[in-house]
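Starting from the known structure of chain A, arrange chain B on it as the hints suggest.
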Amino acid sequence: MINAPAIGPAAVCRLDAAIRAAALARRAPAAAWLGVVTLLVAAAAVYGASFGLWRSPTQAASSAVKMPGLLLGVAAVSALANTWLAQSMGTRISLAQSLFGMLLGFTIAAVLLAAVSPVFFFLALTLPGPLTPAAMSSYRCLLTLHTLAVGLAGTAGVSRLLRLLDLITGQPRAALRVLLVWLAVCALAGSELAWVVSPFLNRPGEPDMLFNPYAFTMNMYEYLWKLLVLRTWS
Amino acid sequence: MNNSIYDQPQPLVPPIPARPPAAGAESAGAAAFARDYRPYEAGRDPAHLVDRLLKRPGQVAWEVCAGRRERMLPALLAVVTVALLGYGVLVGSFSGGWQYVAAPLKVLGGLLASALICLPSLYIFSCLTGNRLALPAVAALLTQALSITGILLAGFAPVAWIFAQSTHAPAFMGALHWAFWLCAFLLGARQLRMALAHHNEGRAPLFGLWCVIFLVVVLQMSTALRPVVGAFDGWRLHDKQFFLEHWGQTITGHHD
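From first to last, the protein sequence lines are chains A and B.
Here the working numbering is used: position 194 in the first sequence is 194, and no number is missing along the way.
Here the working numbering is used: position 62 in the second sequence is 62, and no number is missing along the way.
Chain A on its own, in the form it takes in the complex:
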């Protein structure tokens, strides 16, 4: 009998037998879904709060709500495309399996980020605040560290997801191809969703915005085009 059915941070990071069993099943049990989603929401909320705390408690609360929403949104939006793309590449992954797999990958990344969030809470409390003359250097430092943390946690989540795909498909090369396609789809959907729910951390000197005023007037790529190309040429 499997004696570790609890879906806690350690079990998810290790991909314990109960988690692997749930991922391999055509349809994971409801308890497994609930456990993974709860852990994802809790871990992402903790990290989100540490992301926004430097700016203000309001921004911390806002980011704590947005971060889990972003991850769940990306998984939900990409699930159908990812399943059909994986099936067209010769695997027999079901919609439930692909959604559960993506949620597991995101949960591992979120747990890692939550594990380093005490460091970010500490930095938010000890770096010069947003109303001080050194605010811009603090902002850049924090943003750089958060980018590094998200990149590393994302890489760890993806590498665990690859192992899970190895198990589900039984074909390492196909698993790698599926993973690359999933990454592309999630990156596309994630960048746009992140644009819609931004900002997670307002720049110093800007008003305290909880929502992106351009969220529904242009998409992220249009914004980047205007910011980088048109402004440079003019």
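Simulated from the structure, these hints should not be mistaken for laboratory data.
Positions of the beta carbon are idealized from the N, C-alpha and C atoms, including for glycine.
Just to be clear, a hint being listed does not mean it is correct.
Listed below are several chain B residues computed to face chain A (Cβ distance under 10 Å; list not exhaustive) [as the list claims (entries may be wrong)]: (1) Ala113; (2) Ser114; (3) Leu119; (4) Pro120; (5) Ser121; (6) Asn131; (7) Lys240; (8) Phe242; (9) Glu245.
Structure of chain B alone, referenced to chain A:
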């Protein structure tokens, strides 16, 4: 009950594909650690514990992971406290006065707070690489590493004292203390890495990254609690500052 997935026999779940061990992972130190990984032998006095921490850390690791952790942990905490308070008095002797009290408290409190801040990441990183140690065991191993760091710092104390008698530059003394602390920490961290690897087929791949995070936290903590080396100027915390900026100002002598 409808949680039938957990009632399936375990062999039905394929294991995670194993990766080949890293080349050169079986170092002489790791082999010695593995040889010593057994119950702690007789002799409970502090001197014996210090001796075991330095010469046979595997025995202490066995006690905190599989043996009588509830007895070993207070002893390790006592070693950390005494060693760091002692080194803190030496640090405070550079400026004298209230720094004899403030510096030891800052050295001990700062290091323990940094360890607490970084404990969750150490635990999750070790889980991510397949380690099955529980959080209390990881916390106890971290305490063991801090004990070794503290003992080595206490060993450096006479050397630091000699330098402190011949200079009035806080920047130089600060750099010297950091160099000693870094040496001591790297040796303590080596034992921690071996203990974690011992429980995970010789692997602890994310440990280097965790060390970088811990170093950054300790450096920022020392900036938040400044001055640790210079003259005492009250118990209140100074303005918030990033440690690199503080170092720049200390080296150039341009303070706000």
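Structure-based check of each hint:
no.: 1; hint: Ala113; verdict: 8 Å, holds
no.: 2; hint: Ser114; verdict: 8 Å, holds
no.: 3; hint: Leu119; verdict: 8 Å, holds
no.: 4; hint: Pro120; verdict: 4 Å, holds
no.: 5; hint: Ser121; verdict: 4 Å, holds
no.: 6; hint: Asn131; verdict: 8 Å, holds
no.: 7; hint: Lys240; verdict: 5 Å, holds
no.: 8; hint: Phe242; verdict: 6 Å, holds
no.: 9; hint: Glu245; verdict: 7 Å, holds
Hint check: no violations occur; every hint is consistent with the structure.
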